[in-house]
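> The residues making up each chain are set out below.
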Amino acid sequence: MQVRGGNEHADIFAITPVTAAAHELKSPLSLLRQLALRLSTGDLTSEQQRLVDQMTLTSERALRLTTDVTKAARLEDALFEVEPLNPEQICRDIVHELTPLFEAHGRQLAFTKRIHPLLLVANRDLLRRILTNFSDNALHYTEPGTVVHLQIQAFRKSGMVRIGVRDFGPALSSDMWQSLRKKISSAPQSVHARPQSSGLGLYLASQFAEAMNGKVGVTRHRDGATFYVELQASQQLSLL
Amino acid sequence: MSRVLLVEDDAWLATLQAEVLQAGGFEVVLAPHATSAVVKIDEQLPDVIVADMLLTGTTALTLLHELQSHSDTKNIPVILCTNLADAINLDELRPYGVRRVIDKTTMHPDDLVAAVRSVLE
Chain F
1 MQVRGGNEHA DIFAITPVTA AAHELKSPLS LLRQLALRLS TGDLTSEQQR
51 LVDQMTLTSE RALRLTTDVT KAARLEDALF EVEPLNPEQI CRDIVHELTP
101 LFEAHGRQLA FTKRIHPLLL VANRDLLRRI LTNFSDNALH YTEPGTVVHL
151 QIQAFRKSGM VRIGVRDFGP ALSSDMWQSL RKKISSAPQS VHARPQSSGL
201 GLYLASQFAE AMNGKVGVTR HRDGATFYVE LQASQQLSLL
Chain B
241 MSRVLLVEDD AWLATLQAEV LQAGGFEVVL APHATSAVVK IDEQLPDVIV
291 ADMLLTGTTA LTLLHELQSH SDTKNIPVIL CTNLADAINL DELRPYGVRR
341 VIDKTTMHPD DLVAAVRSVL E
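As they're listed, the protein sequences go chains F and B.
Going by my numbering, 17 is the number at position 17 of the first sequence; the sequence numbering is gapless.
Going by my numbering, 342 is the number at position 102 of the second sequence; the sequence numbering is gapless.
Don't read these hints as lab results, they were simulated from the structure.
Here the structure is a predicted model, which means the values were calculated and not measured.
Check before you lean on any hint, since a few could be wrong.
[To be verified] Derived, one-sided and incomplete: chain F residues facing chain B with beta-carbon distance under 10 angstroms:
hint: 1; residue: T41
hint: 2; residue: D43
hint: 3; residue: H221
[To be verified] Computed, partial: chain B to chain F, Cβ under 10 angstroms:
hint: 4; residue: E259
hint: 5; residue: L324
hint: 6; residue: R340
hint: 7; residue: V341
hint: 8; residue: M347
Glycine residues also receive a C-beta, built at the ideal position from the N, C-alpha and C atoms.
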């Protein structure tokens, strides 16, 4: 047996500099996560277990971001199938997935159930990534002990459905507010909309929303903010 | 005891995965790249191959092509364990012997043992 030289299949993955960089980050992050998971199977004290859990959750958070970067880089080349989806189910899934992370930070994530169920038109994976991104953002800006809420609203006139992630933290100053609104429609910049944020996650979320003919936005509150995505309601909504 | 050829170019990850597979009752042969994998296959046919997709100097697809070129290797089940899982269509790779794709970014170490067992059934 012999191995042919060269890499005639490289184009299958359409690797751009951005995706290559993200992949380079994924490898060590995946390894860190695997090592932490392996370590957690051993005989650890509660303090050691807490630290290992934090390593696992932190590496998973970084992996989500790198996966978002690779996904965004492929938006132009790939077709993303949209379908009628129940946003409540997706919100429940996200709450289930991120609750360990929120609890590790002394916070909670909750979903407010609607009386009247509805459907929207979206790509399941992209919508999950947007909401996970918003939830992750909320985790780091909401006050300890508070509950971040996933909320669904329907706008019958415009035929849109809005899913928001409401956090409870320090009020945004006017300058931060203006900067944040700008970041929603522009590429990541070095100006910090919120402390320790490049706006990358928000930019990626806006790209994912646009790929589904939707948009993202933010509402300022006296005690925090709501980051939201708006998507077209499914015509099947009228059948419910 | 079933023999697993583990093709992984990250030495630390390879060691971790080998330990998990050995604890699961498998004999593990390590190969850091496709060329080494071919040498190991020539020496002793594995029952299963677990391979990363992007390897030093080439991709696992080159190895898959080579496996399909030989009657004694074309039916060896292959499991891809990769960070590129979300970019891979398993159905397109089935003709190359790929039976499972594991996402390294979300997998639990024990998933590897479960995947190997499932393709050996």
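> Output the indices of the hints that this structure fails to meet, ascending.
2, 3, 6, 7
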